[in-house]
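Asker: As a plain string of letters, each chain reads:
There are 2 protein chains.
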Amino acid sequence: MSARAGIVVTGTEVLTGRVRDANGPWLADRLLELGVDLAHITICGDRRDDLEAQLRFMASQGVDLVITSGGLGPTADDLTVEMVARFCGRALQLDEELEGRIQAIVTSLLQRFPDIDPEALRAGSRKQALVPDGATVLEPAGTAPGVVVTAGDGPTVVVLPGPPGELQAMWPDAVETDAFKRAVAARTSYHQHTLRLFGIPESEIAETLRVAARELDGFGELEITTCLRRAEVEVVVRHEPDAQTAWTALLDLISVRHERTLFSTDGSTIDEQVAALLRGRTLALAESCTGGLLAARMTDRAGASDYFAGGVVSYSNDAKSELLGVDPAVIERHGAVSEQTAEAMAAGALERFGADTAVSITGIAGPGGGTPSKPVGTVCFCIRLADGPSVVRDVQLPGDRAAIRDRSTTVALHLLRRVLISREG
Amino acid sequence: MSARAGIVVTGTEVLTGRVRDANGPWLADRLLELGVDLAHITICGDRRDDLEAQLRFMASQGVDLVITSGGLGPTADDLTVEMVARFCGRALQLDEELEGRIQAIVTSLLQRFPDIDPEALRAGSRKQALVPDGATVLEPAGTAPGVVVTAGDGPTVVVLPGPPGELQAMWPDAVETDAFKRAVAARTSYHQHTLRLFGIPESEIAETLRVAARELDGFGELEITTCLRRAEVEVVVRHEPDAQTAWTALLDLISVRHERTLFSTDGSTIDEQVAALLRGRTLALAESCTGGLLAARMTDRAGASDYFAGGVVSYSNDAKSELLGVDPAVIERHGAVSEQTAEAMAAGALERFGADTAVSITGIAGPGGGTPSKPVGTVCFCIRLADGPSVVRDVQLPGDRAAIRDRSTTVALHLLRRVLISREG
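Those sequence lines, one after another, are chains X and Y.
By numbering that gives the first Met the number 0, the letter at position 68 of the first sequence is numbered 67, and the numbering carries on one by one without gaps.
By numbering that gives the first Met the number 0, the letter at position 263 of the second sequence is numbered 262, and the numbering carries on one by one without gaps.
Since the hints were made in silico from the structure, they are not lab data.
Predicted model, so just to flag it, every value in this text is computed and none were measured.
One should not assume that every hint holds.
Just so you know, same-sequence chains aren't split out, so a pair can sit in one copy or run between any two.
Unchecked claim - List of simulated lysine to any residue pairs, SDA-like, C-alpha gap at most 20 Å:
1. K373 / I420
2. K180 / P371
3. K373 / W246
4. K373 / A212
5. K373 / G302
6. K373 / S304
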């Protein structure tokens, strides 16, 4: 039995979907690393009764640890510390030294706002310095302190702020508290493996798993989830250390049955693989329907400047000709969305940026612009190497505008990967 | 009293954060439009006990409606229909006609995979055609059907698939079922307003709300949440129709106190406002540290081609000179991240794309590359109009690489908005 945890995300802006929760997923990863089993995530608005009900639900499920995010701000709708104190049966006390530290932080942060109201600031700092009896204070990374507090014989509750940067910065301190360590003492070390496949329907993996269930000893000790994600199939397998043999047998089975589509067995993403393959090369992009999404994706990670020269977002036909040197006659004859135009865009990117590797994308992301012969979702790609072949593909992608744009970047990365691997091999 | 609802999101890939949940937020919006009060969102993995516990939690909270997403696929880890049937005390029956319809869909969808296993497909279709007694079937938008079923004197449960496109396509049918209509019969029509401010700390809004609480009649009937979002402060106010006077008074107070920073009172986003201001103009972009994110943001919406010519992602210094005509001596003298380089990039974009409006961004997104005089977070912007002034700004942004890149796009849009408004006014 490993320790079990729950995450309570608070905030009407998260419940109603105006803000996307980044803390649940981040905390889930940290718990996995610690060998703590995450059972539930719950989200509620800034309402006393709903927050209290969720804390009680977690306790009723026998979790050892509850982590809350949000509701620590200076405004009156921020209720978390007050409700956690009540849940744990503790009174709130003003920590005057903490109040002073918070006040010092906000005063220095807000220097660039000259006409700020000092009384408003002080009221906020005082509210944020109220701490449940017996709690351990987590020093603020922004302006809001967190607390770690235990509910009698119930779970330990770690109260963290909502802004992901602050929550993440304060997490190491939370993990080091005695109350946290006691709560997770029963943890197990899980192993987790991620496989990724591209160009395969999910039903094929389902069948492979049915075969595995019939044929492999110890299959029942593997916790397996499969999902479609950004046009790839992701298979995650989680197990305790003594199920290692079953995992190895499953990996062999999948590797044999899906040799052509299985591209990652070590958890690496297509982005990471392409970045590694680009070492020593210079990449340039020419994008139309994706409007810069591929360039943004290529530059997500630090260090992209080692191989990424840049890109042109050629949304208009004029831009395709002026910036990339695409012959207007090619666009006229074959259309802006055509293999010929894609090829000319890649050639232009290669030349204009002085690169040795170029990728172009031109397509119809919709909702308008489709025709019977080129419906919405038609996307043309070209991968062009200065020192090798150029590959052109014409693909039909499902989904709405956002899905087509996003999937186009995934398809482009897989095409580029294959070209770079065949060049190396 | 309005009808209350809960959303249960299932899927280990969502619980563990490998896939971001898009269904909770989307369903939250639909419930708001229907006047149904959303109390809780819960997320669990593909485990029988945890899913059952969450359904029971929703019932214990007295919700009238539970909506589930996910867990309807052909794989064995998809458990939702089975667990909902048990929760509602209903047996599962094979719906043979439905099985035939599912089988027809998957057969046609998978034509492009010639070597697929037909027995695997049939097993999946049969599993997906198991329906709780007395449930209303929602026809599949992809391959998985949904169901609507009521738990004796408990809530009505709407079971929808996980892929957002399918869930959204099937929602109108769910709303039209008798069981759904009965569950939400007590709904109230809420009014919701969104205010957005830029260039103000959250504590100033907190103080304004404290003043409002002291001075405005009926303030207690307004449900108010504030949050920081992509470098803006968003204030959402929700109330029943008879609190209209209190809302109007609050809007007046905020408008007076925050005249310079309040840029939206009608729910419009900065993206929408800039798109409207660009009508009749032609925009070109030159991006460095944002790597195409601003171009991608500008082309999120359909119809962007009316005013968006394109952009250059000039990641390397060579690209700045070759593609945008930035004088290498300017980069040499002032640095790639400087107001002078930003100005030259905007001038180049204006000229190369034949545009009348240009925006440039060059900065240090980190984690490396900072210096004492230009630390990580230093970002320079230039807005340049062919027929007007050019505005240059040098800003210091907080946060990590992703936050700096994202906030840079927000700052650029606000600078562009101000320039276009001052030109019009």
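Asker: All the hints need checking, so say for each whether the structure fits it.
Answerer: Evaluated hints:
1. Proximity of K373 and I420 under a CA criterion of 20 Å is satisfied in neither setting, with 31 Å inside one chain copy and 39 Å between copies.
2. Within a single copy, K180 and P371 get their C-alpha atoms no closer than 63 Å, and across copies no closer than 40 Å, so neither meets the 20 Å cut-off.
3. In this homomeric assembly, K373 and W246 never come within 20 Å of each other (Cα to Cα): the closest approach is 45 Å inside a single copy and 50 Å across copies.
4. In the homo-oligomer, the alpha carbons of K373 and A212 never lie at most 20 Å apart, since the shortest distance is 43 Å inside one protomer and 58 Å across protomers.
5. Proximity of K373 and G302 under a CA criterion of 20 Å is satisfied inter-copy only: 18 Å between copies versus 38 Å inside one chain copy.
6. Taking CA atoms no more than 20 Å apart as the test, K373 paired with S304 passes between copies only; the shortest distance there is 18 Å, against 36 Å inside one copy.
Hints 1, 2, 3, 4, counting from the list given before, are not met by this structure.
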